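Here the protein sequences come in this chain order: F and E. full-length UniProt numbering puts the first residue of the first sequence at 1, with every later residue one more than the last. full-length UniProt numbering puts the first residue of the second sequence at 1, with every later residue one more than the last.
If you're looking for bench data, these hints aren't it; they were derived computationally from the structure. Each statement offered as a hint is correct.
Partial chain E-side listing against chain F, Cβ under 7 Å, derived:
1) L99
2) I102
3) A103
Label pairs and their computed distance ranges (CB to CB):
4) E:G270 to F:Q285: 51 to 61 Å
5) E:D85 to F:D218: 43 to 53 Å
6) F:D296 to E:G209: 40 to 50 Å
7) F:Q285 to E:G155: 39 to 49 Å
8) E:E25 to F:Q232: 51 to 61 Å
9) E:A26 to F:E25: 14 to 24 Å
Over the 12 Å line for every Cβ pair with chain E, so calculated as not near, a few chain F residues:
10) S57
11) E79
12) K194
13) G199
14) P217
15) Q227
16) R234
17) P248
18) D259
19) S273
20) E289
Since the model is a prediction, treat every value here as computed from it, not as a measurement. Built from N, CA and C at the ideal position, the CB exists for glycine as well.
Protein chains: 2
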Amino acid sequence: MAERHMPPPLRFLLAARRSELHGLEALARSCDLVVRIGALAHALQKERGYSNLYLCSADARLQPALAGLTGDAEAVEAEVRQLLDGLAADPGNARARLLNGIAYSLFRLDELAGLRRLVRDRRVPAEDADARFTQAVGSLLAIVFETADAALDPGVARNLVALLNFMQGKELSGQERACGVMGYTAGCFSDAQKARMLGLAASQERSFGIFVQYAEPDALQCWERIQQQGGQVRRMRDVAQRTSAGQPVDAGLAELWFDLYTARIDAMRGLESLLAQALAQRCAQRIAEARQELDDRRLLLSRYADHASGRAPSMVYGVHGRVVDAPPPDGVGGELERPILDMMREQALRMQQADDALAAARGALDETRRIDRAKRILIGRYGLTEQAAHERLQRAAMDGGLSLADVARQIVEQAGDG
Amino acid sequence: MAERHMPPPLRFLLAARRSELHGLEALARSCDLVVRIGALAHALQKERGYSNLYLCSADARLQPALAGLTGDAEAVEAEVRQLLDGLAADPGNARARLLNGIAYSLFRLDELAGLRRLVRDRRVPAEDADARFTQAVGSLLAIVFETADAALDPGVARNLVALLNFMQGKELSGQERACGVMGYTAGCFSDAQKARMLGLAASQERSFGIFVQYAEPDALQCWERIQQQGGQVRRMRDVAQRTSAGQPVDAGLAELWFDLYTARIDAMRGLESLLAQALAQRCAQRIAEARQELDDRRLLLSRYADHASGRAPSMVYGVHGRVVDAPPPDGVGGELERPILDMMREQALRMQQADDALAAARGALDETRRIDRAKRILIGRYGLTEQAAHERLQRAAMDGGLSLADVARQIVEQAGDG
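Bound-form chain F, shown alone (with noise of 0.2 Å):
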C-alpha cells in the first residue's frame, strides 16, 4: 500500500519518524564539526603556546618553528572554512545561535593574519597576542557548545557533553601553559600570574570532573594515563607558586614547562579525537537503527493497514478513513488497532526517556555556560577583564562557602530579575 493512500495517522506516524531520522543525520554532521574545529582549536593552542615562547624570549632560532605550527593551523583553518561555506550554502536547518557564532569566530580567525605578523616582527606584547588567540579558540568553541542543543538522542548527548567538556579542559591547560611560559621566561610569576595559574588549575578541574562523569571505560583509562603521567607539571605549577621578584628561577625552565606541558596537551588531544571517534560512531549507529526501525515500521504499517482494508472493508480506516460498523464497546475496531496505539506509546515514551536523559546531560554544559554569562555581566556591569571576573567569581564562591556554579546562578537571576 503506498504511503499517500495510508490514513492520516499512519501517515503521521511515520513523519514522525522521518523527522526523527533528520535530526540524527543533522547532527550527525555537527559532528563532524565538531572533530574539525577540535583540530583547529589545537592548532591554535600550539600556535598560542609557542608564540608566547618566541615572543618571551630573545631566541631568532624558534621562527623556523613557529612558522611551521603557524602553516599547521592555517592548513586545518582552510578545512574548517570549507565546511562551514558548505553551511552558509545552505544555512536552511542552522539556527540563529550557531550562525552567529560561526559569523564571530570567522571575525576572529580573519584578524589572527595581522596578529602573525605582528608576532613575527615581535611587535606585540606575548600578553596581547596570547589574549587574541585566545579569543579564537574560544570562539571557535563557543561554536562547538551550541551544536549541543541539536542533540536529540540521549545516548549521542552524553558522548558530546563528555568531549565538550574535555575541549573546555584542554583549553584552560593551553592558558595554563601559555602563562606559565610568561612567568618562567621572566624567572618569577607576578601575584596576578599565581592567581591566575591558580584560576585555570581550578577550572580545569570543574571541566574534567564533568568530563569524567560522562566518559566511557575507554576515554576514562586514557584519561587515567594522562593524570599518572602530569606529576613534573604539577610540581611545576608548585614551583611557580613559591617564585618571587628576591628569589627569580632560572630562565631556561621556561623551555622545560613548555615542552613538558605540550607533551601533556598533545597526549590530551590523542584521547580528543578518541572522544570524537566514539561520538561519530555513536551517531552512525544510531543512524543505522533509526533506518532500520523506520523500514520496519513502514512494513508493520503497510501490512496493517492492507489487512484492516481488506479483511474488514467496513472497519476503522475503510474506504473513507472512518468507521462505519459499530465497535466493540472498547472503542473501535477492537484487537486490530492496539499495535498503533501501542506503537504510538511506545515511540511517545521513548521521546519522554530521551528528553531525561538529554535534560540531566544538558544540566552540565547549562551550568557552564552560566558561569560564562555570570562573567559576562560582571564585565559589563563593573568594566573588568574576564580573567578579574572569573576571579571575583571563585572569590565569592569561596567566602560564601558555595560552588562556582551556584553563585553564578545567584548572577545570573538578580540580573534577570532587574
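Knowing the structure of chain F, use the given hints to seat chain E on it.
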C-alpha cells in the same frame, strides 16, 4: 554590494538574522494551529457535556440539540484536518514529537464517529463516553503543548504559556461540568465522584494560577469578570459535596448545573479567543520587526563593506577577505570593525536574554508536563486509572506537605534512576 560578495563573517551574520525570522514565521503558523485546535477542543467539550446529559437523562427531546453539537464539532474538525494536511505535505520543519502527537490525536478523532453512534443509541455508559471525549480533547491539547517548544521569542513565549495554561484550565472545567452532570442526575455524588470534583477544582486553580501569572492586563480583567460571575457554580460545587444516598437532591438540578457551567465555559471560550488573538498579533508584530531589522542590518553591512573596500582597499575584508596591511595594535582595521563586532555582541546578548526569559516561561509548562509524566509512571507501575493516579499524587503531596509539582519531580527522578 551583493551578499554573495560579502566576507564570510558578514554573510553568516545575515544568515543568523534570517534564521531568526524563519523561526518566527514557523511560530506564527503554529499559532494558527493552536487557535483552530482550541476551537475544536471547545466544540468537543460542549458535545461531551451534552452527551453526558443525554445519556444520564431519558429525555429524547435532547437528541436534536446533541446532533447539532456533533455537527458543529465535525465542521471545526474538518478545518483542523485541512491545516494538518498542509503540515503532512511539508513536514520538513515539524519535529518528531509534534508529528507523533498529531498521529495520536487523529487516531482518537477517528474513533469518535463510532462513539457518537453508540451515544445516540444510548448503548454506552456515560462514564465511558465521557472518557473517550476526554481522551480526544487531551490528545488535542497535547499537540498544542508541543508547539510551545518552538517559541523563540520571549514575548511570544509568555503569551503562549498564558494561553496553554488557560486551555488546560478550561478543559478541566469541562471535565468538572461532565462529572457534575452525572452526580446531579443520579441525585447524589459517590465518594469517588466527590473526590474527583475536588481534584478537578484544585487542578483548575493551578492552571489558572499560571495563566494569571503570564496574562496581560486586558485578559486579567476579563478573567476577573468570569470569576465574579462564578458564584452559583461554586455554590453548586458545595452542594455536590453535601449530597449522599440518604439525602439525594432533585435530579432537575443536573440541567441547571449544565446550563450555569456552560455559560461559564462559553465565557472562558471568549477569553481564550482574546488570548489567541493577542498571540497572533504578537507574532505578526515580531515578524514585522525582525524583517525591518534584517533590512536595516543588510543596508548597514553593505554600506560598511563598500566603505571598507573603497576607502581602504587593503584593509580587513579586502580583495582576499584578509588583512593585507599591518593593523593597528588593538587588532585589525580599528574603528571600522567596531560596528560589526558590536552588532555580533548585541545579537548574542539579545539571544541570551531571550533564552533566560524563555527558560522562566517554560518552567511553568515543564511543571505541568512533569505532573503528567508522574501520572503516567504511576499508571504504568500500579495499573491505575488516570484519575486514581492523580488522586495518589494529590494524597502524597498533602501527606508530605509538598506541592504537586514537587511530588511529581520526585517520582520522575526516581523512575529515571531505575
